[in-house]
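Undergrad: These protein sequences, in sequence, are chains A and B.
If you count by the numbering used here, then the first sequence holds residues 1 to 302, one letter each, in order.
If you count by the numbering used here, then the second sequence holds residues 1001 to 1428, one letter each, in order.
These are calculated hints, taken from the structure and not from any lab test.
Wrong hints could be hidden among the right ones.
To be verified - Result set (PhoX-like, lysine-lysine): computed pairs, CA atoms no more than 25 Å apart in a straight line:
id, chain 1, residue 1, chain 2, residue 2
1, A, K156, B, K1427
2, B, K1126, B, K1320
3, A, K132, B, K1400
4, B, K1070, A, K237
5, A, K237, A, K156
6, B, K1126, B, K1145
7, A, K156, B, K1170
8, B, K1126, B, K1337
9, B, K1070, B, K1400
10, A, K132, A, K294
11, B, K1328, B, K1056
12, B, K1157, B, K1170
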Amino acid sequence: MRGVLTNKLERLSDQWFSLVLLSPTAFLLICFALFPIGYSLYMSFHNVILSRPGPYAFIGLRNYLNIIRDPVFVNSLWKTAYFSTVLLIGSTSLGLAVALLLNKSFIGRSIVMSCLLIPWAIPKVVNGLIWKWIFDGNYGIFNALLLKLGIIDAYKFWFAESPVIGILLIAIASIWKNTPFVVLLFLAALQTIPRTLYEAAEVDGANGWQRFIHVTVPCLRSALTIILILQTTWAIKLFDLIQVLTQGGPGDKTMVAYYYIYRQAFDYLNIGYASAGAYLVSLLITLLAVVYYKFLKGSERR
Amino acid sequence: MVLRWGIVGVVIGLVLVPIGVWAATEIVVLSASDGAPEFKMIIPWLEEFEHQTGIKVNFVEMGYGPLHTKLATLFATGSSSVDVVWTYAAWTAEFASAGYLLDITDWLTEDLLSDLTGAVTAVTYKDRIYGLPKFGSTRFFYYNKEMFEEVGLDPDKPPTTWTEFLNAAKLLTRDADEDGVVDQWGFLPSGVAEGENAVMDFQLIYMLAGGTELFDSEDRPLFAGPEGIEALERYVELYDLGVVDPAAWSIVSGSDRRMRWMQGNTGMVFEWPSLWRQANDPDVSRVAGNVGISIIPMIYTSASLDGSEAYAISTFSRNKEAAFEFLKFVVSPEVQKDIALRCGWLPVRKSVLADPALQQSPLGPMFEVASLQNQYPIRRFAAPYAQEVIDAALGPAILKAVQHEMTPEAALQWAAEKASEIVAKYKQ
């Protein structure tokens, strides 16, 4: 009887001790994560314009209805989707190609690997400034190159041409920055594939392409899923490159979803409207994460 | 007994000395940049102000973007941590309409009021005054005399009408080094890619075409009327004629624009007063000594934009009187004369502008043109919803017209509808 009581007390004491240890983290999480998340949800139902005096009127779902009818926001979602697609296809295929190359041993491999990491190591704003100079309509090397090749007959302001071209250029800058990270993940996954699998496939008469499709690709599926989730999330949250390169302009030609929400919140101080937009985008990211997760689970089962 | 009173005295002293220290009033001034390091306007005068008034000043400088957000959050929370805030016409409308800026109309003497130039519009909202201007600024017409001479234009006769301006722009646009590529242009606009710059040019031409405000007193858009259509047609024509410096597509800030013009490849520009000093400085400008200045060429009248900067008092300040002392000091003749002569901005007092020392200084021609330009309307788009209308409606509409995605009329109609939606949000 006494032993049971002692055990119970010890268990209780352990629970209290755990709670005490967790409480600072829990407190910080409540203050700096849960409360802001909850409060922004509250604000998304109110007409909070920070430059107007409160109290702010409760307007129900009007912010949500207005923002899904806002053509700039809807267009910004399409531009974000276009950017994400180009980034995913570009950095994943380029990353895989480079990783396959680096998976072979050759002279100077470590030097190539070190150089490859440079774009990833460069701060995002510096990356943006480099590409701003490259694409500049007055002195950019991109224009000079196209002019020398005879593709254009005069310098162009590419971001003003059309949203398709503007976003494509931003995606190129992003691919340059993100590819090294993709290479590293693929390379790590490639190095875990047992040599014996390739040897067995070779014995079965599989050629190089068949070994790639039937051995390499299935073994890279987990890495690919992680890359897809991370890249999609980063693509949807695109902000820094836009801020440095175009600030969403000219006009709203390169306006992507996150940047539009930022402008609403911090330039126009429409906090309620921006909160509604942020919740919609978060919902979108969550849905995509669920899809990728299902894809990962499905592929694991297979 | 003596010892006991001595102890009491020490205790009282220990209590009173800190009180004495804290009793010295300190005000916090939250300001946008006070100017380039060698041309600071107010900071060099702070010591004098503290000496004269005994009021300490904590002067904090910030960039425009962060400053706007900081002010909005400070005001929204009713914070009294800031006493004096930097402002200009658009912010005054935004924050005064919300009750965040102190109405000081009744604090101003008749003498001071009658001596203030049009720069006071930077702190005026619905006929009430919410601060005092720091310096005056309006757009002038600048031209490159050397380029004028090269194409056979009289460098001492700047264009006075829009037709003359257009003709000059056409002549100035050419392949100067004859390598088959155009390398000199007639006109450098404020910048079309960035909304605020595009709207500034549009508003200026709108006023030249006889337009007044962009919105009426009920916040209904006026810019889609005949004056607006004419203004946008004339603006688009500049691009269609090819006389616009292509750098306009990548200009996002005033300093970008000034640097570009000072390279000497563009004949004409509409710019603020300080360009006169900068452009005539051979250390930073290739056009030094060849700068011409005049009033903005007329369509039906001349007109200009207001770019004056000012200081206002926060409604939540606990040191309103001390803050007002600071505002009065900023507009004092000594400070204003120094800002004008040393930094190249316009004084905000008529008496200082009329001072012969200004006219006789190397900046004299600019001050002379300022007096002439002051005879015509000078405005700036200022409303609580201005920034969003500029970025989301009027700016994109101007771009659509320039790129021929829409006719000027259709673009302005589209912008007016979009602007009405934005205004409605602010009226809920």
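Undergrad: A separate judgement is required for each hint: does it hold in the structure or not?
TA: We went through each hint and held it up to the structure:
no., hint, in the structure
1, K156(A) / K1427(B), "42 Å, violated"
2, K1126(B) / K1320(B), "22 Å, holds"
3, K132(A) / K1400(B), "23 Å, holds"
4, K1070(B) / K237(A), "24 Å, holds"
5, K237(A) / K156(A), "28 Å, violated"
6, K1126(B) / K1145(B), "42 Å, violated"
7, K156(A) / K1170(B), "21 Å, holds"
8, K1126(B) / K1337(B), "29 Å, violated"
9, K1070(B) / K1400(B), "33 Å, violated"
10, K132(A) / K294(A), "39 Å, violated"
11, K1328(B) / K1056(B), "15 Å, holds"
12, K1157(B) / K1170(B), "16 Å, holds"
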